[in-house]
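As they're listed, the protein sequences go chains A and B. When we follow the working numbering, the leftmost residue of the first sequence carries the number 1299, and every step to the right adds one. When we follow the working numbering, the leftmost residue of the second sequence carries the number 2, and every step to the right adds one.
None of these hints come from the bench; they were simulated from the model. It cannot be assumed that every hint is accurate.
[Unchecked claim] Below, in silico cross-link-like pairs of lysine-lysine (DSSO-like), each with a Cα-Cα straight-line distance of 27 Å or less: (1) A:Lys1307 - B:Lys72; (2) B:Lys58 - B:Lys16; (3) B:Lys112 - B:Lys59; (4) B:Lys16 - B:Lys69; (5) B:Lys16 - B:Lys59; (6) B:Lys112 - A:Lys1307; (7) B:Lys69 - B:Lys43; (8) B:Lys43 - B:Lys58; (9) B:Lys59 - A:Lys1307; (10) A:Lys1312 - B:Lys43; (11) A:Lys1369 - B:Lys58; (12) B:Lys59 - B:Lys6; (13) B:Lys102 - B:Lys6; (14) B:Lys6 - B:Lys43; (15) A:Lys1369 - A:Lys1307; (16) B:Lys112 - B:Lys43; (17) B:Lys69 - B:Lys59; (18) A:Lys1355 - B:Lys16; (19) B:Lys58 - A:Lys1355; (20) B:Lys16 - B:Lys102; (21) B:Lys6 - B:Lys69; (22) B:Lys59 - B:Lys102; (23) A:Lys1368 - B:Lys16; (24) B:Lys59 - B:Lys72; (25) A:Lys1307 - A:Lys1355; (26) A:Lys1355 - B:Lys102; (27) B:Lys112 - B:Lys6; (28) B:Lys16 - B:Lys72; (29) A:Lys1369 - B:Lys43; (30) A:Lys1368 - B:Lys59; (31) A:Lys1307 - A:Lys1368.
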Amino acid sequence: NAGVTQTPKFRVLKTGQSMTLLCAQDMNHEYMYWYRQDPGMGLRLIHYSVGEGTTAKGEVPDGYNVSRLKKQNFLLGLESAAPSQTSVYFCASSLLSLVAEAFFGQGTRLTVV
Amino acid sequence: QQQVKQSPQSLIVQKGGISIINCAYENTAFDYFPWYQQFPGKGPALLIAIRPDVSEKKEGRFTISFNKSAKQFSLHIMDSQPGDSATYFCAAIDLGSGTYKYIFGTGTRLKVLA
Chain A
1299 NAGVTQTPKF RVLKTGQSMT LLCAQDMNHE YMYWYRQDPG MGLRLIHYSV GEGTTAKGEV
1359 PDGYNVSRLK KQNFLLGLES AAPSQTSVYF CASSLLSLVA EAFFGQGTRL TVV
Chain B
2 QQQVKQSPQS LIVQKGGISI INCAYENTAF DYFPWYQQFP GKGPALLIAI RPDVSEKKEG
62 RFTISFNKSA KQFSLHIMDS QPGDSATYFC AAIDLGSGTY KYIFGTGTRL KVLA
């Protein structure tokens, strides 16, 4: 059981370049999230999805776009990368239940130079 | 806007000691309070969680204490071990909102000395 898989694990981008981070989950979870983790800032929600075909903004959505065309996949896009987007990105998913446990991927370390 | 405030930012404890991490929240609609544990190079993983209808929950050496009137909750790690060295995040969720957005604290880096 793979759980939540993020691709790629590491990436270096030049300012202005674009890229897409892929998150895939095999647990049939309704909810999916993208967080960024920065020192002293904790985990901040970028965008989230409550189901296939739906997306919504989180705390820090500027500079990012997302899509959820299939229930198992949640894509995070950076159209024009900036050094301020250097961070570790985590995808998570959860089931619609009162337990509400979020399962996280291993993270993607992105550096924008 | 930090809806969940966590302290301390870092903590050093001797092996066998008690580690205490505190969190405070503002939104009274929050109704589920999990703690996540993160080891270096890994994603966070659920450690223990509590609902506001109970004041304490214990799982092994880990205990959550919850004070609804003060809007505070804390994680206690009894008999701390070097293997507990990790970053701990508290979180809060408003299950009734239907969005299941996890709002995390800023994290506490715990180091347990052997």
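Status of each hint after checking the structure:
no. : hint                  : result
1   : A:Lys1307 - B:Lys72   : violated, 37 Å
2   : B:Lys58 - B:Lys16     : holds, 23 Å
3   : B:Lys112 - B:Lys59    : holds, 22 Å
4   : B:Lys16 - B:Lys69     : violated, 31 Å
5   : B:Lys16 - B:Lys59     : holds, 20 Å
6   : B:Lys112 - A:Lys1307  : holds, 26 Å
7   : B:Lys69 - B:Lys43     : violated, 32 Å
8   : B:Lys43 - B:Lys58     : holds, 26 Å
9   : B:Lys59 - A:Lys1307   : violated, 35 Å
10  : A:Lys1312 - B:Lys43   : holds, 25 Å
11  : A:Lys1369 - B:Lys58   : violated, 34 Å
12  : B:Lys59 - B:Lys6      : holds, 22 Å
13  : B:Lys102 - B:Lys6     : holds, 16 Å
14  : B:Lys6 - B:Lys43      : holds, 23 Å
15  : A:Lys1369 - A:Lys1307 : holds, 22 Å
16  : B:Lys112 - B:Lys43    : holds, 17 Å
17  : B:Lys69 - B:Lys59     : holds, 17 Å
18  : A:Lys1355 - B:Lys16   : violated, 42 Å
19  : B:Lys58 - A:Lys1355   : violated, 33 Å
20  : B:Lys16 - B:Lys102    : violated, 35 Å
21  : B:Lys6 - B:Lys69      : holds, 15 Å
22  : B:Lys59 - B:Lys102    : holds, 25 Å
23  : A:Lys1368 - B:Lys16   : violated, 47 Å
24  : B:Lys59 - B:Lys72     : holds, 19 Å
25  : A:Lys1307 - A:Lys1355 : holds, 24 Å
26  : A:Lys1355 - B:Lys102  : holds, 11 Å
27  : B:Lys112 - B:Lys6     : holds, 20 Å
28  : B:Lys16 - B:Lys72     : violated, 30 Å
29  : A:Lys1369 - B:Lys43   : holds, 24 Å
30  : A:Lys1368 - B:Lys59   : violated, 38 Å
31  : A:Lys1307 - A:Lys1368 : holds, 21 Å
Violated hints, listed in ascending order, are 1, 4, 7, 9, 11, 18, 19, 20, 23, 28 and 30; each of the other numbered hints is respected by the structure.
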